[in-house]
Amino acid sequence: MKYLCLVYYDEKMMAQMNQQEWDTLNRECMSCVDNLQSQGHFLSGAPLHPVSTATTIRVRNNQLSTMDGPFAETKEQLAGYYLLEARDLNEAIQLASKIPPARYGSVEVRPVRELQAEGNVGYV
Amino acid sequence: MILQRNGKYLANSETLTRSSIDHIYRTESRRVLATLIRLLGSFELAEEALHEAFAAAVKQWPEEGVPSNPRAWLVSTGRFKIIDRLRRDAKFDTLQDQIADKLENESVDPADLADDQIEDDRLRLIFTCCHPSLAQEAQVALTLREICDLTTEEIARAFLIKPTTVAQRIVRAKSKIRDAGIPYEVPPPPELPERLESVLQVIYLIFNEGYAASTGDDLLRLDFTDEAIRLGRLLNQLLDDSEIKGLLALMLLHDSRRTARASADGNLILLEDQDRSLWNQKAIEEGSELVREAMNAPSVGMYSLQAAIAATHARAPTYADTDWNQIAGLYTLLLQANPSPVVELNRAVAIAMKDGPEAGLTLIDDILTRGDLEKYHLAHAARADLCRRLGRHDDARSAYQKALELAQLEPEKRFLQRRLMELNE
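Those protein sequences? They're chains A and B, same order as listed. Each number in the working numbering corresponds to the 1-based position in the first sequence with 7 added. Each number in the working numbering corresponds to the 1-based position in the second sequence with 370 added.
Take the hints with a grain of salt, since some may be wrong.
[Unchecked claim] A few chain B residues that don't get close to chain A, going by computed Cβ distances all over 10 Å: (1) 430; (2) 455; (3) 458; (4) 459; (5) 476; (6) 545; (7) 552; (8) 557; (9) 559; (10) 667; (11) 685; (12) 702; (13) 710; (14) 738; (15) 774; (16) 794.
[Claimed, not checked] Here are the simulated lysine-lysine pairs, DSBU-like style, with alpha carbons at most 30 Å apart: (17) A:105 to B:544; (18) B:532 to B:745; (19) A:19 to B:532; (20) B:544 to A:19; (21) B:745 to A:82; (22) B:745 to B:772.
Keep in mind that the hints were calculated from the coordinates and are not lab data. Backbone N, C-alpha and C fix where the C-beta goes; we use that ideal spot for every residue, glycine too.
Generate coordinates for the entire structure from the input sequences, incorporating the hints supplied.
Following this line, the structure appears as structure tokens:
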């Protein structure tokens, strides 16, 4: 079996950490990945930029509409994920608009950031 | 302001250079900024570069004279200042050195180019500021700041919010552009319609903010209508599209009635009561010509149709002599292109003028019964007006009353109160 683990927290809480605390947490995540990897459990995973960097797309009547922010309605539930390589956000939006369920629900496009030993971009 | 030189006597030639630097700042700074953003890949670095470039011009030009290619000179100088600064900081941070290397190697020195050989990047800047991934309020703030060069204080005053709120919106928008990887480019043709729509929306929103503030005492805010028209002209000059022409025409035609629209004491004057000799004929001619071009396009969009309606009004010698047939027909087309209850309401008013108040009232009552415009003061005001014309004074009175409760703008409230008083006389 494969399992997807989705990570949630309150960004406001994270924003209160100082750079050192934040970098420490990021280093913990890096060693967590290392552990899982050495045990053969880790397939893929990445931290995301804050929710303010999100773009939500929908396709209705063959028309793409792009909106800022996470716009999933409460009656929509998470159904899957695609990790895409794209030149920039515009290409990512075009690729995501081809994901079939974009015609029924919505697809949130969020940039992935890199875990670093220090100097991690935090929340404001 | 960077061009200020205090406490020093300016010789004649120096004064001349100063005034030409001011002039170059006004005409070139946005274009130079747009190119610096492309070359440096960052809004923040580009703004710093622009500042440094003009500071260098103020220092050097009075002695060396204004270069023959000031635009290219400014781009080149700004870019080198940033590379130098990154090199200095590189002593503490090797990453800065790599960025400086990359910047230095990737482009030719613009100083060797003539001004018209420098690519015009303003369209890139417009599409980036109005990217649909940014919240609309951020798009508006960024456009006014980066393209119109308004200060955060000026933007804040117009939107009745705090300057810090505006500044925060701009900072957040810039980090989103960077972190989400919003590219600095004009979208390719298949993506253009959707992207252009959000650009036109931002410009029209800025125009409307100036034309009729949604709350408060100022009926007209002249600066913002001017900024929006300037933006429309710039966009029309950079990109050929019938809806750009339509929007520019619409703004010009609305603006042509600027002085006729409010009395000296700030009261609202309706189209039917306006002194048409006050209408700006030059703006009407320009707008009407743009409407003709826009209406010739293979597909006619909603801005072009609204402009065509405004042009029909502009042509009429009096309110009664307006071609209501044409206006009702255009509203029917507009309703197909852009179904909305407000458009439906306007169509009903045109039909009342064409076929009599009874026909219009039936349509308005239909819309109000559906509940779509229950909270829209102009729907009740229109209903009141038709009832008044039909001699149904009690119905008119209660509809004016309802409109008055919902209206927010002071001049509109005063207008409705006047109508109510006339009815009671």
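Evaluated hints:
1. 430: 37 Å, holds
2. 455: 20 Å, holds
3. 458: Holds, since 20 Å exceeds 10 Å.
4. 459: 15 Å, holds
5. 476: 17 Å, holds
6. 545: Check fails; 8 Å does not lie beyond 10 Å.
7. 552: 5 Å, violated
8. 557: The claim is violated: residue 557 (chain B) sits with its nearest Cβ about 7 Å from chain A, within 10 Å.
9. 559: Holds: least Cβ distance 13 Å, greater than 10 Å.
10. 667: Given a closest Cβ separation of 20 Å, the condition holds.
11. 685: Consistent with the label, residue 685 (chain B) stays out of reach of chain A, its closest Cβ about 35 Å off (over 10 Å).
12. 702: 22 Å, holds
13. 710: Per Cβ check, residue 710 (chain B) is outside 10 Å of chain A; nearest 17 Å; holds.
14. 738: Given that every Cβ of chain A is farther than 10 Å from that of residue 738 (chain B), nearest at about 29 Å, it holds.
15. 774: 36 Å, holds
16. 794: Given a closest Cβ separation of 49 Å, the condition holds.
17. A:105 to B:544: Status holds; Cα separation ~28 Å.
18. B:532 to B:745: OK: residue 532 (chain B) and residue 745 (chain B) at ~28 Å, within 30 Å.
19. A:19 to B:532: Distance of about 22 Å is within 30 Å: holds.
20. B:544 to A:19: 20 Å, holds
21. B:745 to A:82: Between residue 745 (chain B) and residue 82 (chain A) the Cα gap is close to 28 Å, so the pair holds against 30 Å.
22. B:745 to B:772: 9 Å, holds
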